[in-house]
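Protein chains in written order, with the UniProt record's numbering: chain A, 1 to 365; chain B, 1 to 365; chain C, 1 to 365; chain D, 1 to 365.
Among the hints, erroneous ones may be present.
Stated by the list, open to error - Here are the computed lysine-lysine pairs in the PhoX-like style, where the Cα-Cα straight-line distance is at most 25 Å:
1. D:277 x C:277
2. B:99 x A:272
3. D:43 x D:215
4. C:325 x D:277
5. D:272 x C:99
6. D:307 x D:195
7. D:99 x C:277
8. B:195 x B:215
9. D:99 x C:272
10. D:325 x C:277
11. B:307 x B:215
I should point out that these hints are in silico values taken from the structure, not numbers from a laboratory.
Protein chains: 4
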Amino acid sequence: MAGNIFGQMFRITTWGESHGRAVGVVVDGLPAGLPFSEADIQKELDRRRPGQSEVSTPRSEADRVEILSGIFEGMSTGTPISMLVWNSDARSSSYDAIKNTPRPGHADFTYMARYGIRDHRGGGRSSARETIGRVAGGALAKLLLSRYGIRIAGNVLELGGIRAKPLSFEEILENVEKTPVRCADLEAAEKMLEKVAALRQEGDSVGGIVELIVKGVPAGLGEPVFDRLDSDLAKALLSIPAVKGFEIGAGFEAARMRGSEMNDPFSMEAGKVTCSKNNAGGILGGISTGLDIVCRVAVKPTPSIGKVQQTVDLTTRENTEIAIKGRHDPTIPPRMVPVAESMVALVLADHMLRSGFINSRTLLE
Amino acid sequence: MAGNIFGQMFRITTWGESHGRAVGVVVDGLPAGLPFSEADIQKELDRRRPGQSEVSTPRSEADRVEILSGIFEGMSTGTPISMLVWNSDARSSSYDAIKNTPRPGHADFTYMARYGIRDHRGGGRSSARETIGRVAGGALAKLLLSRYGIRIAGNVLELGGIRAKPLSFEEILENVEKTPVRCADLEAAEKMLEKVAALRQEGDSVGGIVELIVKGVPAGLGEPVFDRLDSDLAKALLSIPAVKGFEIGAGFEAARMRGSEMNDPFSMEAGKVTCSKNNAGGILGGISTGLDIVCRVAVKPTPSIGKVQQTVDLTTRENTEIAIKGRHDPTIPPRMVPVAESMVALVLADHMLRSGFINSRTLLE
Amino acid sequence: MAGNIFGQMFRITTWGESHGRAVGVVVDGLPAGLPFSEADIQKELDRRRPGQSEVSTPRSEADRVEILSGIFEGMSTGTPISMLVWNSDARSSSYDAIKNTPRPGHADFTYMARYGIRDHRGGGRSSARETIGRVAGGALAKLLLSRYGIRIAGNVLELGGIRAKPLSFEEILENVEKTPVRCADLEAAEKMLEKVAALRQEGDSVGGIVELIVKGVPAGLGEPVFDRLDSDLAKALLSIPAVKGFEIGAGFEAARMRGSEMNDPFSMEAGKVTCSKNNAGGILGGISTGLDIVCRVAVKPTPSIGKVQQTVDLTTRENTEIAIKGRHDPTIPPRMVPVAESMVALVLADHMLRSGFINSRTLLE
Amino acid sequence: MAGNIFGQMFRITTWGESHGRAVGVVVDGLPAGLPFSEADIQKELDRRRPGQSEVSTPRSEADRVEILSGIFEGMSTGTPISMLVWNSDARSSSYDAIKNTPRPGHADFTYMARYGIRDHRGGGRSSARETIGRVAGGALAKLLLSRYGIRIAGNVLELGGIRAKPLSFEEILENVEKTPVRCADLEAAEKMLEKVAALRQEGDSVGGIVELIVKGVPAGLGEPVFDRLDSDLAKALLSIPAVKGFEIGAGFEAARMRGSEMNDPFSMEAGKVTCSKNNAGGILGGISTGLDIVCRVAVKPTPSIGKVQQTVDLTTRENTEIAIKGRHDPTIPPRMVPVAESMVALVLADHMLRSGFINSRTLLE
């Protein structure tokens, strides 16, 4: 109810502030009998870790995950899995300037309006560092889904106005990690890198679009009416900081289509019902069709920019100016890819359990 | 968990199929002491009722709401409010053709994949008739919010590629009900009407965009992290049949902006913190800023079209064709306006209660 | 959150006041493919109906259930089942006296303290009439459980200090409906009947104990830690009006036992792990052992008595007296039996779905 | 849904196994602005810590709590509070004997039936060590409640058949910590101590009854119908390992009373509605009356006893015997007192927030 718990049957509770002692997650609902190790989690955390390249913040955290419970002899036991990452490289002092002057585009003002108090250091709870817990939980969700043949591929489809060309699922998987912008179209990726470098020089930032494709989802997944698969994906993805839009399948283009264009005709293929195209994005009436789930999120430019901006001083109640120092990504989509994949994995694992496609007690027997 | 319940503290449970005996809703969580009557509900139901014009299905239901509980001497008592509308004009036989041949773009196939059985008449549970319950519940949410100065205006912003010009909140409220397309830009509305009429002739349909603006939301509403106000709005609006996308504030445009363009600078105005523009759409970090909440949904064209479409026969497992008869709206956005407003109202009422802006027990003293 | 919804995956929402237009329930989460009819529900409602004998209130409602949704061709479709019973025999005027003078032992005062307004007629929402929705929902839960070999037997174990002798599950099922006190020990039943008749003469009432036995529960049902099977049974049964205590297995007697007496030793029987006795009442660590679940609830005497009682006038804020007229059961346990069975069935159906023993989508295939 | 989360608005998620790396809790829903420190938590943890006396297990853990998030400058910020205690003194080898031979009265067999795998060391997740998280979370709930004048007193009312005499709330608070049995009647406490000492000699154990009294609860707290205050207390207390029964007010005695005895007459006192006695235990219709809440739980004897017991070998599927070594409390009620108080505090804090008696956002202003 207080907003830090996500999911119904596969549930994560994230906790931690940017400059607190640690950040972490408790995963409740992973069935017993899944073999896993810290390496499975670390692999995903390493993908979201800052300090990896010129497109991300130079803050360098080791971000080593520690698993504190729920595992026995290398296997999940059905009990909660608590994981944490210690905060080590927190330079709080560089945030003193923002204590009373809310940064435009950030949650500083709204947290203050809500709570009357906030941990301003590094954005506190509203920092992207909170997503460590999501990625750690998402890593377990991915691992669980992979046993049922479900795979997720995120990709930066657009950055600073540069659009990637459409690629197949396998092409994306093969190329996405080859460049720091996480765009599988390597030509577009190069242009994106140039764009980002130029903006960084100017002390500005840029937005983009992340696309998520899911392969292997069985037909019949998703609850009707309110807990639709697409509703839950929308909620999950909008909960990632900086996301301002979500679309599935044809998305906003559907608003300009005719019914005869939009509808995906059914046909039999190898004894199975399928569709020759996928404007629906793999979901009809909130329930999966068995085709790929395809959705996209719009990501705003990083709000932390070096340029001088106007703001207010909450103590003097007067207008003032701010120029943000500290360490920040000049663009968010590349690092958002693993976070967005994690949120998709969490939604799918949750629904696979709710719908009885995965036994909620145990995978043994 | 089975998906027919929405909200945490202001909760609705909708029930009913298109051609069952009735459709309805139970509202749980309305505080005691709110004066209301059937007329308050009926007014909103009348807005979503079919058979009102050439842009909507000629099915003519009276759609008279009956309140069965939770009211005493004209006032809410804090106990659940059960409301129903009887189904009277159900011509089930016209749906016999679709029993085994799923309509493209509809939930026929996915319900069958999920449950192995479905009430095919009129789309059964996946019919837009289910939204009656939402609108009835939403009417109470609106009434509750209005006591706290919160008002919601829906508007068809785009239809069949025709875009309305930007209008003020008051202009929208004044003009939106003047034409059957529910577009407050009356010039655009005329063109939209023509477009719809032409498509109806061709047996085709068209999509559009609905915009929602909320005035009067206090700063500090919304939970951080997962139950953000925008996340919950996204989920709520994506749960409406035919919605394929959601955006807030600058939305997908934000993906093409620079940080220096996107950020809304803070300033003091009459002793209050505000912003000179509103790319954020009234929400930062999932919490309201106090500015207008502005969001939009992409609506696909009505999947029921007169044109012949390809599909499969689920009994013979062979390809076949279908041409849909029955009665259908040639375009969805106009009738979606009151439904979308209802979902927004439900989310806001829920958060106003969760965040303690409204007392959950009683409005009396 | 407002308290009228019970269960996680098998969920009921009850609504309605004693003297409102109707009372009812929405069942969300019944998997598709369960054949049922109004007769299945009616059978259980008839067991709880008033006006059946000298131990219950002479109020005579037909209590005919109407199913409004969720059923198609005699089978559940996986969508919500809405059921209602119209209130027909409501003599509201006999309650005028209690409008401002809360009845001792009733919820009149606490509802007023909470809400500042209440429907005083017949106890409003706090009336035992609310349990109609529970019994209707419970009837579906029972039907579902019976397909998995799970059966529930309620029995009045004690009434007015008269204790029944221990009987087998089959003896209880055979005899429990033979007398209006619903005590399967027919000798004890006779004494109970006399006791109740005597008290009715005096304008007084009497309490008792209801025992519930469940056969056929698989081992491994129940979540650990907070959502234990016994925790959920306790919550479910305490939610029935007039229940003041709950115990499982040895219950309060366990407080006086030694470990060596209390512990149930394990042994192999026909290749299966079992116990030679069942002080645990079928649950260890919150999870079922596979033995019978045995629990009991303490029921207070009917608070509505003819004798003069002291109370206050909420308008004048002065002490006053009250003698309750109206129609009331002189004792509650006999009519509570079907209600308590329903609550037990609801908890078990919910856990069978949560734990994956029953597929939550469909029973077909 | 997987059972490790408790509460709606004040929510705790506990995690950890007896011999895992640590045990802990995440508290979600504490409003911003509550001053607290590790000392506030430690004080309560010290009360439940083992190794304190001859009535508890000699396992000696320092049980030092570490607060990892949600606190800034000594105050809650409204974000989740993560707390952990490292497991240091875990002698796992002494549990090898029980790996395949479930201990009678323990959850060994049922966890195995449910999950097919379990961490057998020290009982794993079903160990009483899990209650550390509850007590840490409960400490914050208590602190929050104390600001609103709500105080909780637990007391061992009965142990091994020895019953304490009734004492006032203040007498209990004054004396309860004076003896290791936590019985405020010091004469009875002495006899209890002797009883426990004797049983320990015999390698046996003994049960008892814990009473909880809550002072200062406002009238009007609790949701009607399913989420009654007493229902939620029952669930909360039954979720503590070894609890086999719950009663409120007159409890099981109510089953033997007449209505005229049981009912608590209302009267005016100093301008306030009150009752001259409290058989209701402070709750009518699930809602608080404003009088003390009084409830009791039946606690079974410690299932771990030195005596030889019969059990089965789960690998050979044959009967066998077991004599439990390891370190165990000879009786549970004394150490349960702080745990039971914590569960009561969690329920009350949750309802105070749900019902709007405490603002869920912030205590500042």
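Hints versus structure:
A C-alpha spacing of about 41 Å is found between residue 277 of chain D and residue 277 of chain C, which places the hinted pair above 25 Å, so the restraint is violated. Taking the CA atoms of residue 99 of chain B and residue 272 of chain A, the gap is near 18 Å; set against the 25 Å cutoff, the hint holds. Restraint check for residue 43 of chain D and residue 215 of chain D: the C-alpha separation of about 21 Å stays at or below 25 Å, so the hint holds. Straight-line distance between C-alpha atoms of residue 325 of chain C and residue 277 of chain D comes to about 24 Å, which keeps the hinted pair within the 25 Å bound.
With a C-alpha separation of about 18 Å, the suggested pair residue 272 of chain D and residue 99 of chain C falls inside the 25 Å cut-off, and the hint holds. With a C-alpha separation of about 17 Å, the suggested pairing of residue 307 of chain D with residue 195 of chain D holds against the 25 Å cut-off. Under the criterion of a C-alpha separation no larger than 25 Å, the hint pairing residue 99 of chain D with residue 277 of chain C is consistent with the structure, at around 23 Å. For the suggested pair residue 195 of chain B and residue 215 of chain B, the alpha carbons sit about 32 Å apart, so the restraint of at most 25 Å is broken.
Under the criterion of a C-alpha separation no larger than 25 Å, the hint pairing residue 99 of chain D with residue 272 of chain C is consistent with the structure, at around 18 Å. Pair hint residue 325 of chain D plus residue 277 of chain C holds up; C-alpha atoms about 24 Å apart against a cutoff of 25 Å. Taken as a hint, the residue 307 of chain B and residue 215 of chain B pair is broken in the structure, with Cα atoms around 42 Å apart against an allowance of 25 Å.
Figure legend: structure checked against the earlier numbered hints; hints not met, in rising order: 1, 8 and 11.
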